[in-house]
Amino acid sequence: MDFDKLLKKKSVLSPWLFRINAGSCNGCDVELATTALIPRYDVERLGCHYTGSPRQADVVLITGPLTRRIRDKVLRVWEEIPQPKITVAVGLCPISGGVFREGYAIDGPLDKYIPVDVNVPGCPPRPQAIMEAVVLARQLWLKKLGVEE
Amino acid sequence: MASYLKILLRNLIQGPSTDPFPAGPTFEPDSIRGKIRIDPELCMGCGICVHNCVSNALHLERREDGHTLTCWDNLCCRCATCVMFCPMKAITLLPDWHTAHYQDDKYARIEQKSVTYEPCSVCGKKMRPVPAALLKKLYAGKTDVDAERLTHVCPDCRQLEDSKRNIGQLPA
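Which chain is which? The protein sequence lines are A and B, in order. Just so we're aligned, residue 1 is where the first sequence starts under our numbering, counting upward by one. Just so we're aligned, residue 1001 is where the second sequence starts under our numbering, counting upward by one.
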């Protein structure tokens, strides 16, 4: 087995997560922190791990309705994440705008600018719902890598 | 010291506190608010839910021969204001919190219910058949009214009938 294939197979164990706050009210961010940090919904059982750098990330979780002020910064950070990446829209706001829909400061929904792969609506979604989304994202990521479990 | 040992011993016996969720079952509180469900038997099409909807997720289309109430699940913030304001209790929130889905299903996640209007048995005008439960409430204690027949009598004709019935019972 050549080195590339071995690396691919080993990296399957750990899709690293990266969070982008695109103008969120912090509700979804608290739920995201909950899924990872407290022992009850331990997301590290799936091999996922929050990273501080976009260049190490595989799955990007975006919260917030994409405000006009933060749009270019979000796009810049999103471009830095290497392919193949899975974009997960967490909460109502990035999916449709939610309660902020059609506000003057909102430039969403997110899929106007970024190809979203998995949605998890809710205001905010339950930690378990976010876990489901991470499981879906992981399956899609494996498919993109060409490695099936 | 002793209390700490007690906690340690309890944790040893109980095992891990991690929810086995993606692999096993999870808990859900009784009051959890999930997907919206519209009951077409009860919806009268008054539109108070649309008026009060926080995120404009509900849409009511009024036609000559009926009305359609639509809710896009990806816009509904589960505040349950519609449930509170619905005078017929036609809207309920299910405890279904499984919301994660792929992008392809984004616009397929709607709850849409239509009500067809039927002609009034007296004047023939198109009207929404009155639910039997509502008529029972309206004519509670009136034995001389056939509530079964009134389900297909439009509000104008019903008002006329009620007036005709009541005119002889007015106090002198």
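Among the clues, some could well be false.
Unchecked claim - DEER-style ranges, computed between Cβ atoms:
id: 1; chain 1: B; residue 1: K1089; chain 2: A; residue 2: L13; range: 23 to 33 Å
id: 2; chain 1: B; residue 1: R1165; chain 2: A; residue 2: Y104; range: 35 to 45 Å
id: 3; chain 1: B; residue 1: I1007; chain 2: A; residue 2: L7; range: 36 to 46 Å
id: 4; chain 1: B; residue 1: A1108; chain 2: A; residue 2: Y104; range: 22 to 32 Å
id: 5; chain 1: A; residue 1: N21; chain 2: B; residue 2: T1092; range: 50 to 60 Å
id: 6; chain 1: A; residue 1: A105; chain 2: B; residue 2: G1015; range: 41 to 51 Å
id: 7; chain 1: B; residue 1: T1092; chain 2: A; residue 2: H49; range: 50 to 60 Å
id: 8; chain 1: B; residue 1: A1108; chain 2: A; residue 2: L145; range: 46 to 56 Å
id: 9; chain 1: A; residue 1: L75; chain 2: B; residue 2: L1138; range: 52 to 62 Å
id: 10; chain 1: B; residue 1: H1059; chain 2: A; residue 2: D4; range: 20 to 30 Å
id: 11; chain 1: A; residue 1: K10; chain 2: B; residue 2: A1108; range: 35 to 45 Å
Unchecked claim - Under the rule of at most 27 Å between Cα atoms (straight-line distance), these lysine-lysine pairs were calculated in the DSS-like manner:
id: 12; chain 1: B; residue 1: K1106; chain 2: A; residue 2: K73
id: 13; chain 1: A; residue 1: K112; chain 2: A; residue 2: K9
id: 14; chain 1: A; residue 1: K85; chain 2: B; residue 2: K1125
Because the hints were derived from the structure by calculation, they are not lab data. Since this is a predicted model, take the numbers as computed values, not measurements. From the three backbone atoms N, C-alpha and C, an ideal C-beta is built for every residue, glycine too.
Structure-inconsistent hints, enumerated in ascending order
1, 2, 5, 7, 8, 10, 13, 14
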